[in-house]
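Enquirer: Sequence:
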Amino acid sequence: MPSKVRYVGSQLKCLVLASSLALLSFGASAAGAGRLDAHFGRANDGTPDGVASFSLGAGNDRGTAVALQKDGKIVVVGHTTSTGKTSNIAVARLTPAGVLDKSFGADGGQDGTPDGVVSLDLGDSSDQAVAVVVQADGKIVLAGNSKAKSSNIVLARLTAAGQLDKTFGADGGKDGTPDGVVSVSLGEGDDVAAGLALQKDGKIVVVGDRVNGDSTDMVVLRVLAN
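The sequence shown begins at 700 in my numbering and counts up one residue at a time.
Simulated from the structure, these hints should not be mistaken for laboratory data.
Idealized CB from N, CA, C, for every residue including glycine.
Be aware that a few hints might be false.
Only pairs whose alpha carbons sit at most 20 Å apart, straight line, appear in this in silico SDA-like list of lysine to any residue [what the hints assert, rightly or not]:
no., residue 1, residue 2
1, K784, K846
2, K848, G815
3, K838, L863
4, K873, S884
5, K846, E887
6, K772, A860
7, K865, V798
8, K865, G888
9, K865, G879
10, K899, A835
11, K769, V798
12, K772, V832
13, K769, K838
14, K902, Q768
15, K769, G815
16, K838, A869
17, K772, G756
Computed spacing ranges between beta-carbons, pair by pair [as the list claims (entries may be wrong)]:
no., residue 1, residue 2, range
18, A860, S781, 22 to 32 Å
19, N759, K801, 16 to 26 Å
20, K873, N759, 26 to 36 Å
21, H738, G872, 38 to 48 Å
22, S849, D770, 33 to 43 Å
Using the sequences and the hints, build the whole thing.
Expert: Written out as structure tokens, the structure is:
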């Protein structure tokens, strides 16, 4: 499971992302190394203190990657699947205390998720995010996959408030996705993203693989920041 390390005061904390959109925070001070951080995720969600868990509906929800903002807020990406339907990309932001940041993606639940969570529906495909980074300006970049007949690599960028950044991938929907999202097809087979990083100049690097005949090839993509 991916993990991130954060400092709170003089103590070192380790955040571990679990499935079903749950976050665990462990203390790493000499007195509490490896124990759940009881100051994190203190809510009546059926999990012990030190764990934040939230449900996005009747279907299956899964977290796959986590990143930290400079202000200590926690960004989690994954996907949510309604019962018997395709999956949508899910992006959640938590406060340093482990509760949903309701200033993020605040739409009163219009996208089917609570404030603090953004759901991205890219059409009839099954969509999921697998990696996330936070830019220096607070914008959130995620990489994932969108599969209908075959899988394409997708990139999306959100503003710090949780709205699609429509200056990113702005093509009026020519690639089948809304502005703010980029879809990349490398052929007729499945193309899959696995990781994401930012260069110092802001360019976005994605790693994954593509089907090439009877085998898969490693691929590395670089995308302009603007």
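Enquirer: Enumerate the violated hints, using their earlier numbering and listing them in ascending order.
Expert: Checked against the structure, the hints that fail are numbers 2, 7, 8 and 17, while the rest are satisfied.
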